[in-house]
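So the protein lines, in turn, are chains V and X.
Quick note, the first sequence lines up with residues 1 to 181 if you use the working numbering.
Quick note, the second sequence lines up with residues 1 to 181 if you use the working numbering.
Rather than coming from a laboratory, the hints here were simulated on the basis of the structure.
Fair warning: this is a prediction, and the values are worked out from it, not measured in the lab.
Here are some chain V residues the structure puts well away from chain X; computed CB gaps all over 10 Å:
#1 Cys3
#2 Ser8
#3 His9
#4 Leu44
#5 Arg61
#6 Arg67
#7 Trp78
#8 Asn99
#9 Gly106
#10 Pro118
#11 Val163
#12 Lys179
Result set (DSS-like, lysine-lysine): computed pairs, CA atoms no more than 30 Å apart in a straight line:
#13 Lys174(V) x Lys75(X)
#14 Lys179(V) x Lys41(V)
#15 Lys79(X) x Lys165(V)
#16 Lys95(V) x Lys157(X)
#17 Lys74(X) x Lys95(X)
#18 Lys152(X) x Lys100(V)
#19 Lys152(V) x Lys96(X)
#20 Lys68(X) x Lys174(V)
Selected chain V positions facing chain X (Cβ under 7 Å, derived; list incomplete):
#21 Val17
#22 Leu23
#23 Tyr86
#24 Ala143
#25 Asp147
Ideal Cβ positions, reconstructed from N, Cα and C, are used throughout, including at glycine.
There are 2 protein chains.
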Amino acid sequence: MICVLRLSHRKIRDQRVSTHVFLVARAFGADEGVLCGELDKNLLDGIAKITKVWGGNFKVRYEENWRKFLIERKKEGWKIVHLTMYGLDFEEEIKKLKNKIGKKDGKIVVVVGSQKVPPEVYQIADINIAVYNQPHSEVAALAIFLDRLVDKKTLEKKLEGGVIKIIPDRCMKKVIRVKKD
Amino acid sequence: MICVLRLSHRKIRDQRVSTHVFLVARAFGADEGVLCGELDKNLLDGIAKITKVWGGNFKVRYEENWRKFLIERKKEGWKIVHLTMYGLDFEEEIKKLKNKIGKKDGKIVVVVGSQKVPPEVYQIADINIAVYNQPHSEVAALAIFLDRLVDKKTLEKKLEGGVIKIIPDRCMKKVIRVKKD
Chain V
1 MICVLRLSHR KIRDQRVSTH VFLVARAFGA DEGVLCGELD KNLLDGIAKI
51 TKVWGGNFKV RYEENWRKFL IERKKEGWKI VHLTMYGLDF EEEIKKLKNK
101 IGKKDGKIVV VVGSQKVPPE VYQIADINIA VYNQPHSEVA ALAIFLDRLV
151 DKKTLEKKLE GGVIKIIPDR CMKKVIRVKK D
Chain X
1 MICVLRLSHR KIRDQRVSTH VFLVARAFGA DEGVLCGELD KNLLDGIAKI
51 TKVWGGNFKV RYEENWRKFL IERKKEGWKI VHLTMYGLDF EEEIKKLKNK
101 IGKKDGKIVV VVGSQKVPPE VYQIADINIA VYNQPHSEVA ALAIFLDRLV
151 DKKTLEKKLE GGVIKIIPDR CMKKVIRVKK D
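Chain V on its own, in the form it takes in the complex (with noise of 0.2 Å):
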């Protein structure tokens, strides 16, 4: 199980790149999402929506108290990855995860951050790991770190049941219905 927690998320600033997150959360093999900071309905539907197009059973919600959160988590056994430019390279740690989520009580929260962290992230979670030591994205550090994790065959499974297909094509959009809504 890959829960994603969004933190600090604010209303107007954040509301594309939260949806990012979210989005990449679903299509990379998170089971759920967590909205922390400003509630934003508006964003919720719009993920909720996407999954019932595209498939799979991705969950998202609010949760107006992170620090409740994943205290709780962590005495229900998950374990607590927060990303962050300054943690330990992800390549050595997500052997030791991808152990961890192959079992089957295996549970992870991922923690994504927003501009400003509170310093109580980087001590509550299990280990600060980093998608590289650089600044870029939290968006793009969710995904690799997430296509890391999944392999592809567990991805594809968690991804069934949508109403829409892609055909790849090398030069244009080409969709098809696969079954009536």
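Got chain V sorted already, so can you dock chain X onto it with the hints?
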């Protein structure tokens, strides 16, 4: 040589996502960024500042006419790769591109769209490539594409020379200043 072209930038709506596109371009090994759509000096200055502080020679600039730019680059022997969820599987195509980039005169332009991509882009591109045929994020697609395309040694070399370096740490931020400004 890798150039990343961002299409149809809108100053207010796309400011953060376009910034992420260029930060990813730089951090994952592109040499050049080209902004199309609305001119956005703050964005260009911000990226230049990041390069100065964090290393490398990534150049970013504005270009009014993307069509003319792409056609000229094609004439000069650049391969135009358009990243789109409707394209061909990137894992197959990246092997061929890797050969091209490995050569001394290997040059590609990676085109990254915004919400609505003009149909002409699909035709001008030598190839349309998808980082999975699911809706997610142009930032994520670019990161994964470049991450597979550019090997780690080349990347490290490309990012040499910054004044700030991170000391990767399991549980806190550690930063050193490499040389005086």
